[in-house]
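Sequences are here, hints too, so could you generate the full structure?
Numbering (our numbering), first residue to last: 11 to 148.
Rather than coming from a laboratory, the hints here were simulated on the basis of the structure.
Among the hints, erroneous ones may be present.
As the list claims (entries may be wrong) - Each computed DSS-like pair below joins lysine-lysine, with the alpha-carbon atoms no more than 25 Å apart:
hint, residue 1, residue 2
1, K125, K99
2, K101, K113
3, K113, K147
4, K101, K147
5, K101, K125
6, K99, K147
7, K113, K125
8, K147, K125
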Amino acid sequence: MFENRRIRAAAFAGAILIAGTCGTVVLPSVASAATLTFTVNTTADTHDAHPGTGVCADSSGHCSLRAAIEEANAEASGSRITIDVPANKYKLSLGTLVLTRNKTAIVGSGVVVLKETGNYQIMSVGPAGSATVSDVKM
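Next comes the structure, spelled out in structure tokens:
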């Protein structure tokens, strides 16, 4: 009786060993760093509808400052992102703009970024990111 159990256990272990060595290993694809430019075309403070697609667009198809930053964060590490922001006033109603990674340049032309009521900072940059901000008042 015990001999029969040992044979089954050995056969099962051998089947696992064979399956493990003969199986195909599929590794996830690794996204490569990109160089992208997003042009802000709305003053609304909206989220990117689908971060990581390489397209800055909120649910209405517009590129907000927040959506551009969210899309920049979703790009592969090492990417260089330029966010062109036309002259206007941008009121933040959804909290702090957070850059988490990548080298991001926010290029304005007389831009004013204001926060709505609330106790939060306008922008923060995480340790894996870097930012250059030009011609933007905060």
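For each hint, the structure was consulted:
Simply put, K125 and K99 have alpha-carbon atoms about 10 Å apart, close enough for the 25 Å limit, and the pair holds. Restraint check for K101 and K113: satisfied, since their Cα atoms lie roughly 24 Å apart, inside the 25 Å limit. Restraint check for K113 and K147: satisfied, since their Cα atoms lie roughly 20 Å apart, inside the 25 Å limit. Between K101 and K147 the alpha-carbon distance is near 12 Å, which keeps this suggested pair within the 25 Å criterion.
Between K101 and K125, the direct Cα distance comes to roughly 5 Å. Compliance with the 25 Å bound is thereby established for this hinted pair. Between K99 and K147 the alpha-carbon distance is near 10 Å, which keeps this suggested pair within the 25 Å criterion. Annotation: proposed proximity of K113 to K125 holds, straight-line Cα distance about 24 Å (limit 25 Å). The suggested pairing of K147 with K125 holds, with an alpha-carbon distance near 12 Å, which does not exceed 25 Å.
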